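Chemist: Sequence:
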Amino acid sequence: MAKYSYFVRGSLTSVCMVCSRANCICTHPKGVVAYRLTYKDKNQKTRTVYIPSSGVKEVRKLILNYRKYRDITEMILNLNIKIFKESSRN
Numbered sequence: 001m002a003k004y005s006y007f008v009r010g011s012l013t014s015v016c017m018v019c020s021r022a023n024c025i026c027t028h029p030k031g032v033v034a035y036r037l038t039y040k041d042k043n044q045k046t047r048t049v050y051i052p053s054s055g056v057k058e059v060r061k062l063i064l065n066y067r068k069y070r071d072i073t074e075m076i077l078n079l080n081i082k083i084f085k086e087s088s089r090n
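Following full-length UniProt numbering, the numbering of the sequence shown begins with 1 at its first residue and continues without gaps.
Keep in mind that the hints were calculated from the coordinates and are not lab data. In this text, all values refer to a predicted model and were calculated from it rather than measured experimentally. Heads up, the beta-carbon is just placed ideally off N, CA and C, and yes, glycines get one too. Errors might be hidden in some of the hints.
[Said to hold, decoys possible] The following label-pair restraints were derived from C-beta to C-beta distances:
no.	residue 1	residue 2	range
1	ALA34	ARG70	24 to 30 Å
2	ARG70	ARG36	17 to 23 Å
3	TYR6	SER53	17 to 23 Å
Construct the complete structure from the given sequences, taking the supplied hints into account.
Modeler: Below, the structure is given as structure tokens:
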């Protein structure tokens, strides 16, 4: 599990933005793409964090690490339940 020690829970989304400056690149149909990490805090309130384009690859890797960590944790939990059931039969 040390392999996945750095992780983040949430979803990475891209949002197309348009500013109000004349002759800006974002006035073209495609606009400017901004990335946001959305997650729930301990009170289940949705939080949003701006992610610069340079950090998108790293955040995707951290989200993938969280998913792998979650799967490993679920496997351990199921194994512990199985062990408990076996030991209670004896």
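Chemist: Going through the earlier hints one by one, which of them does the structure break, listed in rising order?
Modeler: Nothing - there is no hint that the structure violates, so all of them hold.
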